[in-house]
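2 protein chains.
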Amino acid sequence: MSQFNMPTQVIAHAEREREQFLNDLYEYLAIPSVSAQPEHARDVRHAAVWLSEHLRNIGLTASVMETGGHPVVYAEWKHPEAGKPTVLVYGHYDVQPAEPFELWHSEPFKPTVRDGDIYARGSSDNKGQHLAHIKAVESYLKTTGGLPVNVKFLIEGEEEIGGPNLGAFVAANKELLACDVVMISDSHLLTLDQPTLLYGLRGLLYFEVEARCSAHDLHSGTYGGNVQNPAMALAQILAQLKTDQGVVTVPGFYDDVHVLGPEERAEIARIPQNEDTIKAETGASELFGEPGFNVPERMGARPTLEVNGLWSGYTGPGAKTVLPAIANAKISCRLVPYQDPAKIFEAVSAHMRRLTPPGTTLTFTMLQEGTRGTLIDRHAPQVQAAARAAQSTYGNPPIFTLEGGSIPVVNDFQDVLGKPIVLLGYGLPGDNLHAPDEHYAIACYEKGIEASIRFLAEL
Amino acid sequence: MSQFNMPTQVIAHAEREREQFLNDLYEYLAIPSVSAQPEHARDVRHAAVWLSEHLRNIGLTASVMETGGHPVVYAEWKHPEAGKPTVLVYGHYDVQPAEPFELWHSEPFKPTVRDGDIYARGSSDNKGQHLAHIKAVESYLKTTGGLPVNVKFLIEGEEEIGGPNLGAFVAANKELLACDVVMISDSHLLTLDQPTLLYGLRGLLYFEVEARCSAHDLHSGTYGGNVQNPAMALAQILAQLKTDQGVVTVPGFYDDVHVLGPEERAEIARIPQNEDTIKAETGASELFGEPGFNVPERMGARPTLEVNGLWSGYTGPGAKTVLPAIANAKISCRLVPYQDPAKIFEAVSAHMRRLTPPGTTLTFTMLQEGTRGTLIDRHAPQVQAAARAAQSTYGNPPIFTLEGGSIPVVNDFQDVLGKPIVLLGYGLPGDNLHAPDEHYAIACYEKGIEASIRFLAEL
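Residue numbers (our numbering), protein chains in the order written: chain A, 1 to 459; chain B, 1 to 459.
In case anyone wonders, no lab produced these hints; they're calculated from the structure.
Bear in mind that the values here come from a model prediction, so they are computed numbers and not experimental data.
Hints may contain errors.
[Unchecked claim] To be clear about the criterion: a stretch of chain B counts as covered by chain A if any three or more of its residues have a C-beta under 8 Å from a C-beta of chain A, and this derived list gives those stretches:
#1 215-224
#2 287-297
#3 351-359
Quick reminder that beta carbons are idealized off the backbone N, C-alpha and C, glycines included.
Just need the whole structure built from these sequences, with the hints factored in.
Now the structure itself:
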């Protein structure tokens, strides 16, 4: 069978098995594998066991492997001929909490189809996306008895709680996970006609700061005017971290930032996000950001400094005349290549200390390990193979985009495995990830299976 | 009997009735008249009825008078001779909530004496202070069958919830309350040897502001860098309201401020509060306030602008990468004579609007009616009578002080009755008002009765 015809036949198998493949997804979605909630710990393990057995039934070797937390599912299919390339498919079988339940229009763990969309927690994020890869492998094995390449699956159970154990697992299993390309479908198309390939992700630095001015809360009538107010002190510090145009003022903040080349800027300009789409999505009356950069550049290619939380004093109803003892802020920086999180934290915290007014003591706490931004070589042959597969499947060449958010495991894969990462999303922008009524189009699932079949053939 | 001997004999009566007078206070303190808590509504009324009956038993006419909320107790004793001056004694029979109960070393509504102090909620604030006046009247009536002056009592039940109905009650009962002097004991001595007479109180303006930048909370990775952050916008606005030396920058803020004369500054300089005492009381590492003014001047004679509450975004444990939709602050200004609350609110809110960065909408809400600062004529004969009574009782002439806090009813009395107010405190600075283990020294109660007896004689 030629490379040319093979995917067509395999895709035809997937089309014939449509009902069964959907039923497999429904069965998987019915397991409430909420990693954040201890009362679902048995469900999380159930999902891992279900997945492992499912992979074995298809014809892979598969096992549930322990970590310090929820287990990972590892599976592989080895090509009988040596020298074939190896794909490592990553995904996560855990899901976000479903709360608030009352805002769902059907039960989050009873998958329900309305207007061609499957409503269920985890349908788009991420069970429906990585199961598409599994169904692609199944279609090959059922049709031809084999695959064109070696395939490995690493499906984790802690993505929604920040993946506390996966980095160590990857580092400890470098041989087991060795591959030529990592395939991750945990993002989205623009439309069912317009695929995207992410080639950059922002990193994240997240810390908390406490400003303290007295040992305990004070009466504002008695002490106001003689003792520093930490809410005001913190406001004055924060206010000076950005110009009134939104440029971060921390010395050295932009020193190591990846500079966009003309080709990159031209590619980014194809991303159909602009002031109007952002206004419509957010309800903002006007946009606000670094001068000299357009919307998609600010979203994916420029670092940010944001206050994510702020609290001090009395926040209940009515008036309380308290002079607070402390004020707190949660602050995060989205980082781009080649900013170093530790260096940026040093620069920001040192600058904040310099800005601290009299009578105020600052204390910093890191809330999670910092992650670097990621840049993927768009010209790598593995990425180009994915681009061809996407074009054949969706009808248009993918747009290369930068993502404002972070996928920490991508850094682990790059550091430990040292191979290109393909970030080809199978969901759609309005899938309600992390929100009530999460859904995933049946068409997305079926196109995802097709794209995955074509990708394996293109490698 | 001469004016000279009369108080001595009356004081002797109070000393003989020591045990009974203490038992009366314990009985009063055992009523949990917490005005803020609906479950105590019956106890609040019980306290009013108890007090009214107590005043009748002593020999006054007394009644419980309805208001829109908790009732007031009104009582009077009319001198048979016309032309005698009239004293109106103000106090409040309601108390603060006792929570947190677990921090009390004895039950808040079972008065307990330890080391000469009566531990109970309301002991110092304010039952023990106004009951001293009542016991002074009782001592006169039991000893001499009469009083040297006309006496009226107005004891309210809503002081601890901001006195929402008292202003209207005073305005509606101008004739009933007509007097030559208002006596209020709701403050404190410096020590049992050093009385104070307050001659100024700060007013209060209290409002809330909301800064909004989007319709709902956003993902900071997706929208950070393109949409304004309201926590940062609000910080930038707040930061510009004061210089780094603590001077309020709002145009016009200081325009109408009462300027201290050399005599006033010399008197204020006698107040034994300084950097060291404030540091010891607050745990502040250094003081911070308007240059050119000393600690007591900043506390009582200068206006302030303070952030009393601040909140935005995610304030729970750990990291959440939210770009908040809104940020809120509670802001109050302590006002001094002759600042006008409405004018100051206009000035502050207009200045904040001018400082608002792009993409941000501010909304202001007044949280309570503004009150003006108060200044009392220290040279009024009624105030001087109180000064002589205090000197005879405590052994030293009182220090005239300015108080940083506010007693709104003082303005109502000044406006409606137009007579001098005597603010002679019977408590001590460490009485734990509004806190667990509130207490009141037995010696404070007894000296208070004596001071009140002497004051009535001095008028």
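Outcome of the hint check:
Three residues within the 8 Å Cβ limit are the bar, and the stretch 215-224 of chain B against chain A gives 9, so the coverage statement holds. Beta-carbon proximity to chain A at under 8 Å applies to 5 residues in the stretch 287-297 of chain B; the threshold of 3 is reached and the given coverage holds. With 3 residues bearing a CB less than 8 Å from a CB of chain A, the stretch 351-359 of chain B meets the requirement of three and the coverage assertion stands.
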